[in-house]
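Participant: Sequence:
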Amino acid sequence: MTAPVLLWFRDDLRVADHAALHAALETGAPVLPIYVLDDAAPWSMGGATRWWLHHALAALTGSLAALGAPLVLRRGPAVETIQAAIAETGASAVFTGGMPDPKSRAVDKALAAAGVALHRLRTFMLFSPTDIRSGSGGPYAVYTPFANACLTREPRPLLPVPDRIPAPPPPRSDRLEDWRLLPTRPDWAAGLRATWTPGEAGAQARLDRFLRGAIAGYPTGRDRPDQAGTSMLSPHLRFGEISAATVWHRVGPGHATFVKELLWREFSIHQLWHNPSLPDAPAKPAFAAMPWRDDPLALTAWHRGRTGIPIVDAGMRQLWQTGWMHNRVRMIVASFLIKHLMTDWRQGEAWFWDTLVDADLAANAANWQWVAGSGADAAPYFRIFNPVLQGRKFDPDGAYVRRWVPELMRLDTRHIHAPWEAPAEALARAGLALGRSYPQPIVDLGFGRARALEAFAALRAG
DNA sequence: TGAAATGTTGGGGCG
DNA sequence: ACGCCCCAACATTTC
Numbered sequence: 011m012t013a014p015v016l017l018w019f020r021d022d023l024r025v026a027d028h029a030a031l032h033a034a035l036e037t038g039a040p041v042l043p044i045y046v047l048d049d050a051a052p053w054s055m056g057g058a059t060r061w062w063l064h065h066a067l068a069a070l071t072g073s074l075a076a077l078g079a080p081l082v083l084r085r086g087p088a089v090e091t092i093q094a095a096i097a098e099t100g101a102s103a104v105f106t107g108g109m110p111d112p113k114s115r116a117v118d119k120a121l122a123a124a125g126v127a128l129h130r131l132r133t134f135m136l137f138s139p140t141d142i143r144s145g146s147g148g149p150y151a152v153y154t155p156f157a158n159a160c161l162t163r164e165p166r167p168l169l170p171v172p173d174r175i176p177a178p179p180p181p182r183s184d185r186l187e188d189w190r191l192l193p194t195r196p197d198w199a200a201g202l203r204a205t206w207t208p209g210e211a212g213a214q215a216r217l218d219r220f221l222r223g224a225i226a227g228y229p230t231g232r233d234r235p236d237q238a239g240t241s242m243l244s245p246h247l248r249f250g251e252i253s254a255a256t257v258w259h260r261v262g263p264g265h266a267t268f269v270k271e272l273l274w275r276e277f278s279i280h281q282l283w284h285n286p287s288l289p290d291a292p293a294k295p296a297f298a299a300m301p302w303r304d305d306p307l308a309l310t311a312w313h314r315g316r317t318g319i320p321i322v323d324a325g326m327r328q329l330w331q332t333g334w335m336h337n338r339v340r341m342i343v344a345s346f347l348i349k350h351l352m353t354d355w356r357q358g359e360a361w362f363w364d365t366l367v368d369a370d371l372a373a374n375a376a377n378w379q380w381v382a383g384s385g386a387d388a389a390p391y392f393r394i395f396n397p398v399l400q401g402r403k404f405d406p407d408g409a410y411v412r413r414w415v416p417e418l419m420r421l422d423t424r425h426i427h428a429p430w431e432a433p434a435e436a437l438a439r440a441g442l443a444l445g446r447s448y449p450q451p452i453v454d455l456g457f458g459r460a461r462a463l464e465a466f467a468a469l470r471a472g
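The first sequence runs 11 to 472 under our numbering.
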């Protein structure tokens, strides 16, 4: 009997367009699918992504069963756990994919050094970081040339779902429930359940809905948190329930604005590939000298959506309740935390890591650094969002604020984004007592802006 | 994938 | 008719 090969699922929990699955099948050997939960620090999975992972693994188990294969679940340090699985099954090779983050690349290296025939296929990215290089041969430091380089090529053709996966007799598997990925006491996942359908079928349905609807108005609709103008594919892409290549091909060439968002994600992954310390240190070293403030009360107010700035609080509460925040609002809350509150961007990165269902190491790190000004092609330090103006521009009727900050429900639209400026009669009409039923702003926006500009200017002066 | 300050222009009210 | 001022609208520069 021929030795099996392991098909090691990582951030690619699907059976369609799965290059590692196809490579494993092409060996002709029996294929044993396995998933390993490795909680090693740093950057072990946060709470919201653990919730998603549970459901994604349950869905993948179903998809594989329909193809005649089990999904073996194991928990432990990845290198030892894979080696143990090889020893138990006599596997001759390992086929895998996923996000090429520093930890998983180190694991690959260790396994290869131990003599494991490990094949990592590209299941997560559109293009290889070694292929997308600037004229001088280095990685692109600016987004637009990066995107243009990608747009001159095509992702590889899509791979079909196989008819069947010939599997060997399975070794023992953990029970998914025993991993305790779902919250209990308190069960904070009600809003997540109401918002999402994790799994490959849910991902396809989400894409279908987007292609039928919002994509037509995407160039402007994507900026409106009060409307369903975005694809909401991010957590599905995070877990590889749908491949970026599938989205690229199905969207087609007529929707450049959306494809460029896929490429913004790609840019983040490539940045992390080239710079393993991206999640932990400013990419521009000068920013290490930034005099960040340590203000636990302000940080907690930001976490809980109690800053007194309506669009910020709406975004933070949407995040807390649904595990997701509209992209425009992510920029606003991040700019507020970093600039008006002068908080180290890593504090925001850590919170998003724990609360976002779509948290991935590359996008989270690259985008926080982008807002901070310390990353690739970053917003210049002096670009400071005014949350009041942003609110008026992108949530003109206040519907988004009212949805997530119900205290402000009855406030007139002309005051909804700056209740502290509302006359007493307007507050009384709305049943609002600032400082009691809704907070006063925890920082004066003009003061915060001036303080940030001063600090950033000092940094620049050296 | 800003915002605010500053500068410029031109229409209209008014003496 | 003319100059003056105000100010909105837009453009430029500065942070």
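Mixed in with the good hints there might be a few duds.
Taking lysine-lysine and the BS3-like style, the derived pairs with C-alpha atoms no more than 27 angstroms apart in a straight line are [claimed, not checked]:
1. 294 x 270
2. 270 x 403
3. 113 x 403
For the record, the hints were derived by calculation from the structure and aren't laboratory data.
Participant: Of the hints stated earlier, which fail here?
Facilitator: Violated: hint 3 alone.
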